[in-house]
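Protein sequence lines, in the order shown, are assigned to chains A and B.
Under this note's numbering, the very last position in the first sequence is 324; numbers go up by exactly one each time.
Under this note's numbering, the very last position in the second sequence is 324; numbers go up by exactly one each time.
There could be a bad hint or two in this list.
The list cannot tell twin chains apart, which means a pair is met if one copy fits it or any two copies do.
[Said to hold, decoys possible] Result set (DMTMM-like, lysine to aspartate or glutamate): computed pairs, CA atoms no more than 25 Å apart in a straight line:
hint, residue 1, residue 2
1, K106, E23
2, K57, E(-2)
3, K290, D261
4, K93, D294
Just so you know, the hints here were simulated from the structure itself, not pulled from any lab data.
Just so you know, these numbers come straight off a predicted model, no measurement behind them.
Number of protein chains: 2
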Amino acid sequence: MSVKERYIIGVDLGGTNIVAGAMPLDGSREIAMRTIPTMTQTGADNVVTRIVTIIEEVIAHTMKETGCERSDFLGVGIGSPGPLNRETGVVIAAGNLGWKNFPLRDEVASRVKLDATLDNDARCATFGEYWRGAAVGVRNLIGMTLGTGIGGGIVFDGQLYHGASDVAGEVGHTTIDSTGRRCNCGNYGCLEAYASGPAIAERAREALEGKEESILSEMVGGDVSRITAQTVYEASKREDAVARQVVRDTARFLGAGISNLINIFNPDMVVIAGGVTQAGDALFEPLRAEVRRRAFKPAVDACRIVPGALPLSAGVVGAVATFKMKTLGEL
Amino acid sequence: MSVKERYIIGVDLGGTNIVAGAMPLDGSREIAMRTIPTMTQTGADNVVTRIVTIIEEVIAHTMKETGCERSDFLGVGIGSPGPLNRETGVVIAAGNLGWKNFPLRDEVASRVKLDATLDNDARCATFGEYWRGAAVGVRNLIGMTLGTGIGGGIVFDGQLYHGASDVAGEVGHTTIDSTGRRCNCGNYGCLEAYASGPAIAERAREALEGKEESILSEMVGGDVSRITAQTVYEASKREDAVARQVVRDTARFLGAGISNLINIFNPDMVVIAGGVTQAGDALFEPLRAEVRRRAFKPAVDACRIVPGALPLSAGVVGAVATFKMKTLGEL
Chain A
-6 MSVKERYIIG VDLGGTNIVA GAMPLDGSRE IAMRTIPTMT QTGADNVVTR IVTIIEEVIA
54 HTMKETGCER SDFLGVGIGS PGPLNRETGV VIAAGNLGWK NFPLRDEVAS RVKLDATLDN
114 DARCATFGEY WRGAAVGVRN LIGMTLGTGI GGGIVFDGQL YHGASDVAGE VGHTTIDSTG
174 RRCNCGNYGC LEAYASGPAI AERAREALEG KEESILSEMV GGDVSRITAQ TVYEASKRED
234 AVARQVVRDT ARFLGAGISN LINIFNPDMV VIAGGVTQAG DALFEPLRAE VRRRAFKPAV
294 DACRIVPGAL PLSAGVVGAV ATFKMKTLGE L
Chain B
-6 MSVKERYIIG VDLGGTNIVA GAMPLDGSRE IAMRTIPTMT QTGADNVVTR IVTIIEEVIA
54 HTMKETGCER SDFLGVGIGS PGPLNRETGV VIAAGNLGWK NFPLRDEVAS RVKLDATLDN
114 DARCATFGEY WRGAAVGVRN LIGMTLGTGI GGGIVFDGQL YHGASDVAGE VGHTTIDSTG
174 RRCNCGNYGC LEAYASGPAI AERAREALEG KEESILSEMV GGDVSRITAQ TVYEASKRED
234 AVARQVVRDT ARFLGAGISN LINIFNPDMV VIAGGVTQAG DALFEPLRAE VRRRAFKPAV
294 DACRIVPGAL PLSAGVVGAV ATFKMKTLGE L
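Excised from the complex, chain A in its bound form (with noise of 0.2 Å):
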C-alpha cells in the first residue's frame, strides 16, 4: 500500500490577477493551476473572496484528479505584493491592490479552514525558481520579478532572506539615478521607474512622440495609452526600431540594477521572472553585455543571468514553498 500523497495550495497575489494551484509535497507536479482576475476595485473583502473561491476550486479539482480527500491538505502559502509581516500575516501597504495593515492570512486560514503563511511575491517567485525551475541547487541566488513593480529575493545556502524586518529584496527601489525619474515609491531615480512594465511602456509612448515609422501605433489601434510592455516585446520581435531601441534601453537599466546587485552579493545566478521574460535574447543579450561592461569581472564570470523557467507559476510554486518550509521546517 503506498503512503497517501499529501498537498499544499499556493495562491498568487497579484494588482491584475490571483494564480493558484496545488502541489504535492515533494513538488514533483503543478495541479489544477488557474487564474482569475483580481478586481482589486471591488475592495479587500472581496478580493478575500475571490481568493476563497479559487482556492475551493484548486481544492475540489485536485481531489477530483488525484482522488485525494480534503483532509490531505495541509494549507495554503500565500504569496502577496507587500510589504508584509510574516509572524502577524499582516500586509502593512501594498499600493497597487490600495491596502493598507490588513489581515489577509488570517482572513483566508479562517474561511478555508486551513493553516496558511503569507510571505512577499516577489519572494515566492525567487523560491518557486529556486525550487522547481531554474535556479535548483544554486547556492546563492538573487531574483528579480518585472512586472507592474520590480520585485526581488534573496536566497543564501539554500534559505530565503526576509531581513530585519521582513522587508528585505526590494531591488526594484534601488537608485540607478539618483536625480531621475520620480518613483512610486516617492522616490527618485529607482530601477523601477525606468524598467517596470508600466515604465516600459511609457518610454515607448515618448519614443513615439515624433517618430517616423512603428508599428506600435497600429497594434493598438491608434490608442498609444493602451501601449504596453507585451505590446513593445512583440514589436521588438517584429523588428520595429522604436520597440527594438526601447528594449536595448530598458536591458541597459536592468544592466546597471543588476550589476549593483552582482557587485553587492557576487551570486551565482540571478534570475529574472515575469511577463519580461517573454522579450528573450532580444532584452537578454545585450542586458548581460551591459553587466559585463558594468560589473566587477570575477563577479561577472561566476553569475549565470537567466530567465525564470516556470513563468505562469513561480510565485504559486514558491508560495507552497515557503508554507512548506515554515511549515515542515525543510524544503
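We have chain A; now place chain B onto it with these hints.
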C-alpha cells in the same frame, strides 16, 4: 595553574599604511598595535618585507608584554585590498597597490613561518566591528569602509559572507547615477566616484573655484591640491560654509548608496568605518535624514546607521577574527 594564552596576529594592508597588532584568542584586547607606511612605489617584494618586519615587531613586543613564547602565536590574518582568492591566498588585482595575481598570503607565511589567511580589507573591518566593535551581536550587518576607496562587508547570522567568487561586498561600485562621474573601476556614477576620500577632496576643490570665503585654502597654505577629506571635515567643524556644503553633499550621496543597501538587505545595522567617521554628526545626521527620505520605512525603522567603534584597528581586529574563524571554525 592558568591555561596558557595563545595569540593571533592581524595585518591590515592599505594603499597608504600597514597596520598590525596581536590579540589573544578571545579577542579581549589589542596588543602591540602599530602602523608603518606601505610605500607601495617600492614594489611588492619590498612591501612584503615591510609586512614581515611589522609582524616580527608585533611578535617581539607581545612576547615582552605577556611573557609568551613564539610558539604561542597561532598565525597571521591578513586583510588586503582585493579582489582576491581566499583559497589560494592570491591578490587578484589591487589598484591602489598596483598588484596583479600576487601570492601575498604564502609570501608572508613562508617568511614568518606561521600559518596565514587572506581576506578582503573592508570585509575584515566589518567583521572586526562585528566581533569587538560597534556591531557586536548584530544579526544582519552591512559594513562600509570609506577611505581611498569605498569597500564593504556583509555579515549574515554571524557569518562573513563572501559570495560565489569571493568578491561580495563591493558597495562602493554600485551605481547611484548611471550617466554620472567616471569611477576608477571604469564604470560611471559609482558611489565611490562621489564619496571616497579623493572624491570628497575633488568636490571641495570644485566648490572653491569661483567661491568667495573659505578657510579650506588657508588650511593647505594655498595649495588646494593638498586638500583631503580630513581637511574638509576639519573645516566643516570650524563652520566653514564651503566645507559644510561638501559634507552635506557627501551625506546625500552616501544616503543614496546606503538606501539601496537597506532596501535590498533590510539589515539590522549599517556600520561605517574609516576616516570619514571623524566627520561625526555633521555627516551622520544629514546622512540618516537622506536615508529616511529615500528608503522604505519598515527597513529604515529596523536599521541603525552608526560610525565604527574601532576607527584605527577594525581591519586588524577583523583580520584576527577571519584567521580564527577559518582555523578554529568559530569566533
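Going through the hints against the structure:
Proximity of K106 to E23 under the C-alpha cut-off of 25 Å is restricted to the intra-copy arrangement: shortest distance 22 Å within a copy versus 60 Å between copies. Taking identical chains as interchangeable, the C-alpha atoms of K57 and E(-2) lie at most 25 Å apart only when both belong to the same chain, with a minimum of 14 Å there against 70 Å between chains. In this assembly of identical chains, the alpha carbons of K290 and D261 lie at most 25 Å apart only when taken from the same copy (13 Å versus 30 Å across copies). Proximity of K93 to D294 under the C-alpha cut-off of 25 Å is restricted to the inter-copy arrangement: shortest distance 17 Å between copies versus 42 Å within a copy.
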